[in-house]
Amino acid sequence: MLSLRISRRVLFAALFLIVAGCSVERNLKLDARLSLSPAFQPIPVRVGVFYSPEFLAATKKIELKCRPNERTDIFFIFPLGQASSELFDQIAASIFASVRRLSGRVPSADEKGTVDGVLELRIVAFEWKPQCPQEKSYHILSRISYTVNLFDPDGRLITSAGISGVGSEKPKPCFSGCKDSYATERAIRDAMADFMLRFFERPEVKEWLSKRNMPEGSLP
Amino acid sequence: MAFKKKYAGGESSMKTIIILTAGLFLLWLLPACTKVQGYANVPPSSVTNPEVSVVLLSDPLGIPDFDDEDLAKCISSSMLEVNPVLRVVPASQFKESVYPYFMPSTTPRTLDNFKVVIGNEEVRRRVAALGVRYLIILIKKETFTDWHGGIFCGGGPGGGGCLGFQWWDRNSDFGVAIWDLKDLSLVGTIKSKAAGTGIMPAFILPIPLYVPRTETAVCQDLGNRLAELLSGRR
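Listed in order, the protein sequences are those of chains A and B.
At position 182 of the first sequence the residue is numbered 182 (our numbering), and the sequence of numbers has no breaks.
At position 88 of the second sequence the residue is numbered 88 (our numbering), and the sequence of numbers has no breaks.
It is worth saying that the hints were derived from the structure and are not from the lab.
Since the model is a prediction, treat every value here as computed from it, not as a measurement.
Where a beta carbon is used, it is the ideal one built from N, C-alpha and C, also for glycine.
Possibly wrong hints are sitting among the right ones.
Which chain A residues face chain B? A few, computed with CB under 10 angstroms, are given here [claimed, not checked]:
no., residue
1, P38
2, Q41
3, I91
4, L141
5, S168
6, E169
7, R189
8, D190
9, F195
10, M196
11, R198
12, V205
Just chain A, same shape as in the assembly (with noise of 0.2 angstroms):
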């Protein structure tokens, strides 16, 4: 008899809480860091690394739902600023002879000496998509694009390029360990090696490293 009330208290709770239009948020948490260093020849030159205030709280709330016309309110919060200036960091460190975090743009004048140039990232664009069963098998497709800055010690922009990822993945039932987007943090890892193999190859990046006295071979 207790039980029977307790499940009509619930009934009626859920009932009451999807005819109100409540809606449900949940903040995610995302870790793209890898388990590994980069497989990557490292750069023997010293770079400072910039993310402004607003790219550092960076989040994107999107409703899960198959269909644009389609409403669930459940909404999830992806914390992209934070997931995408951890991996960067790791990534950063891995491959350069040193790394240092700048407050701004321009280095100040104790910082001019340390660094041979500053990196920015900014997110441009994030798209979280369940594809539906009607279309193809069940899974979630993300997709993340960034600009790059890299700038010289005075604040001179050197070049500014797009990186773009992708990641896919199936839901699958987890008990222990789950991820909370695998999708996400698989196109935030698929970015940052479009970043690691095509940056460095971009004629102005060439021109600035070779600028940086670097020894023949050493490109990458």
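Given chain A's structure and the hints, the job is docking chain B onto it.
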């Protein structure tokens, strides 16, 4: 007597209907099995050592709904049935080791790109540490279904039900490329196709009598033939 005759005539026509119906079902059941066809573009005796390690990688850009785990589930077990000493290294472990390479946007897709990536000293060192010899990369995965016939359902105050007959042709077409991480070469490609017809008569209730499992058949065939090839048996 006349009644008996009439009754006997009814019985024989009933028998004829049953035999005809059974015959029709048998006719439908005959092609309702799943047929598999395989194609291999691999030079003979490319591989001679059965104790090899492989990594199975999907194509997240081209085939996002079929990830590395799905590919492993699809062909690992049938590969190990044929060659139990074959070692399948998890794709996640391989990708972590060779990051930033073999991510969706950085997976080499041409022989030249592949040679550049695997020629990288650090990548070679890490691949050697994992002991991986071959990369099996999914290059094609398609499944199409065509429905035919029709089932009509209806109901009224006295009850309801369905009547009709539907069948569907399902075709699956998978392909993998085999890359040699030691010789820096494309060993070849293996493809497998399966076709089957499913049938579903409806008499009151629609009941599927045969469901063609073409994807399972293709996975089994690909796994068997890959394992044979990687064991030097083909």
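Output the numbers, in ascending order, of every earlier hint that fails for this structure. Per hint list: single violation, 12.
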